[in-house]
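There are 2 protein chains.
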Amino acid sequence: MRRKNLTLGIFGFGCVGQGLYEVLSRTNGLKVSIKKICIKDANKERSLAPLFFTTNKNDILYDPDIDVVVELINDDTAAFDIVKTAMQNGKAVVSASKKMIAGHLYELYELQQQYKVPFLYEGACCASIPIIRNLEEYYDNDLLHSIEGIVNGSTNYILTKIFDENKNFSAALSEAQELGFAETDPAMDIEGHDPKFKLCILLLHAFGIFVKPEHIFNFGIERLNDFDINYAREKHATIKLIATCRKIGDEVYAYVFPQLVNGDSQLTGIHNEYNGVIVESAFSDKQFFVGKGAGSTPTGSAVLSDISALSYGYRYEYRKIGQSILSREENHPLRLTQHVALKVYARYGNETEIDLGDFDEVHEKYESGETRFVVGTIPLEKLKASAWVNGKNINLIGVS
Amino acid sequence: MRRKNLTLGIFGFGCVGQGLYEVLSRTNGLKVSIKKICIKDANKERSLAPLFFTTNKNDILYDPDIDVVVELINDDTAAFDIVKTAMQNGKAVVSASKKMIAGHLYELYELQQQYKVPFLYEGACCASIPIIRNLEEYYDNDLLHSIEGIVNGSTNYILTKIFDENKNFSAALSEAQELGFAETDPAMDIEGHDPKFKLCILLLHAFGIFVKPEHIFNFGIERLNDFDINYAREKHATIKLIATCRKIGDEVYAYVFPQLVNGDSQLTGIHNEYNGVIVESAFSDKQFFVGKGAGSTPTGSAVLSDISALSYGYRYEYRKIGQSILSREENHPLRLTQHVALKVYARYGNETEIDLGDFDEVHEKYESGETRFVVGTIPLEKLKASAWVNGKNINLIGVS
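Line by line, the protein sequences give chains A and B. Going by the working numbering, the first residue of the first sequence is number 1, and it counts up by one from there. Going by the working numbering, the first residue of the second sequence is number 1, and it counts up by one from there.
Next comes chain A alone, as it looks inside the complex (with noise of 0.2 Å):
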């Protein structure tokens, strides 16, 4: 099979751009070539000639010669505009926006059918990890159980530097953002809005169905402080954010959760900006990927890995779409549902600020001025639809 020569047009000239036209120009395997790179800001000093730029989109979306549209900007109603603009003009796409990707997910399905062109995103997904290809190409939807993961690497960057190294959150916070792993608005990470993101697209290349990102429960670390940090410690444990979905019958399962984790999970092993995934198959098997989670260079060899496949003519198949209905013994495809108990630890500062109603039943309870918690277990319907866990002395934190 011969490799298509390929000209690129890029939205985004940042780290990840500079990156992956370096790489692009040490590279003769891959025969691709940059026309065309659309910035915001024309007065800034760039490295490369003024002719390889532009402030006008269209000079990209509307150049026929152009085969593939590389998306790599902060935007994301922009980004949608550029990725969907691109496709109707048959240009195969490459993005790493991660919330425009999660939010649009059915629209951009439609989009690749309807006008036949690859739109691929791996980056989107634990950056340098190819779980969403793995998932595309090796899982078989009957095959596959749960994924279970750690799919952020600030928040873990963070975790790291508060657990390891005994750093204060808004130390390490600083740290991750010094280091470019965390963005000046950090709460897209801390409150576990990105790793909500990130399972909206595994859900999809997983088990083949669609999930709105309000339709999963969030809970991010922010609220994590010195009582529950000494709690997971007294308990040998330390504290991991989990991206979780389980298929069970007709039915999956998912959220975004601080767990504890001791020595027996694989998570544990997991530091700084790192990223590990467990994809658990038939037979029971456990697969671990793990690689890194965040920074401009592992994005750039997940997009640089999209070109490539790109050059192939490779797209998602999204087979998994048609198998959840057709595998299923009553037709009715799979659904995500709310009816799971979670074991959680709760804490929170008096009686009025949670409401243990419910709790189906709480194990432990402690109280020490003006400190309380429980653990408990709880639907995960009923903590989506409670009011209670917004609460600013309301604090989280996923035990099994």
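Keep in mind the hints are simulated off the structure, nothing from the lab. Yeah, the Cβ is synthetic: ideal placement off N, Cα and C, and Gly gets one too. Every clue listed holds true.
Straight-line C-alpha distance at most 25 Å; calculated DSS-like pairs for lysine-lysine:
hint : chain 1 : residue 1 : chain 2 : residue 2
1    : A       : 116       : B       : 4
2    : B       : 161       : A       : 286
3    : A       : 31        : A       : 4
4    : A       : 286       : B       : 286
5    : B       : 116       : A       : 4
Now the in silico label distances, taken between C-beta atoms and shown as ranges:
hint : chain 1 : residue 1 : chain 2 : residue 2 : range
6    : A       : 178       : B       : 115       : 56 to 62 Å
7    : A       : 365       : B       : 264       : 42 to 48 Å
8    : B       : 400       : A       : 262       : 29 to 35 Å
9    : A       : 379       : B       : 43        : 53 to 59 Å
10   : B       : 115       : A       : 335       : 42 to 48 Å
11   : A       : 170       : B       : 187       : 55 to 61 Å
12   : A       : 391       : B       : 4         : 52 to 58 Å
13   : A       : 339       : B       : 56        : 48 to 54 Å
14   : B       : 335       : A       : 52        : 35 to 41 Å
With chain A held as given, fit chain B onto it using these hints.
Leaving out everything else, chain B in the frame of chain A:
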């Protein structure tokens, strides 16, 4: 994309074959039926009705209803014959016989081209880890630098028991045999042949080169004694049997070797029968794949994934074979080299048992009673050509 219905003929009904049967009968997405199972011993009691079984291989090989032959037997000569005849008769084939595959890589490649049938063998390399598929589909030749890993579950099990539980070699080996991780004749594993066979398969899918097993230097763990083990312990390290291949310019070097590893290496954390493979690619990013590497179930899960892939018409494209020529500047293909210097610990009894003249440099020399060792740098070509490495008092461990 709709999946094809497949009719299977299976050779061998041991653990993998039986597990496969069970999973296939539980799965309704995969439209696969087993028509016939060829066994050696007709008198053994079986869990299925006799009509499923035959002792005549031609009942499968010449049955026009059978699309896919699954070869799961222990006899390599018979296995090659079965695989070859099946492909000549237009049947797709799945196999996990690493020695047979590594020994016939080029013929098996040619058979696929000539008869236009797919031949898949994910189970032959690191059992449950989808490493062949990832190399084949995800890692472009030009972007791939090296592969390094623990690819043999039984020796890793033995080394874990020695280092973590202070067992001696023979106790650890017996335990591995009892658990079914090591063969009754463990020579292939403990002498490092099995990882070499896997390395041959990896070299083809990673770099597009055909390498005969006899061209790769392998050293096993069978001569590991207490002195060596203490040496590793004093260095706060453990010993792992590691297969390595790395591309430098137009050349690739490859070898199998026990190596000292410490906490800095991700391979330190791979215990018992697990395998771990580190793939280093463009942007110097490392991906780490972990999964069970021995036992019938992990192999069965890989065989099952191959069968599932066949239902979608998947086949290995062997793209790297072309690339290894096309992408080189001087237009010649990548080639295997032995021209690389290795830093090793070499333990011996007396000076006549080793030729220290083979070393480029000796950094350390130690002598105490009957035991001597050097730490030095030696070219792989000299190691491979030397007779002294086969001496019973010689042990080698890579150090870095």
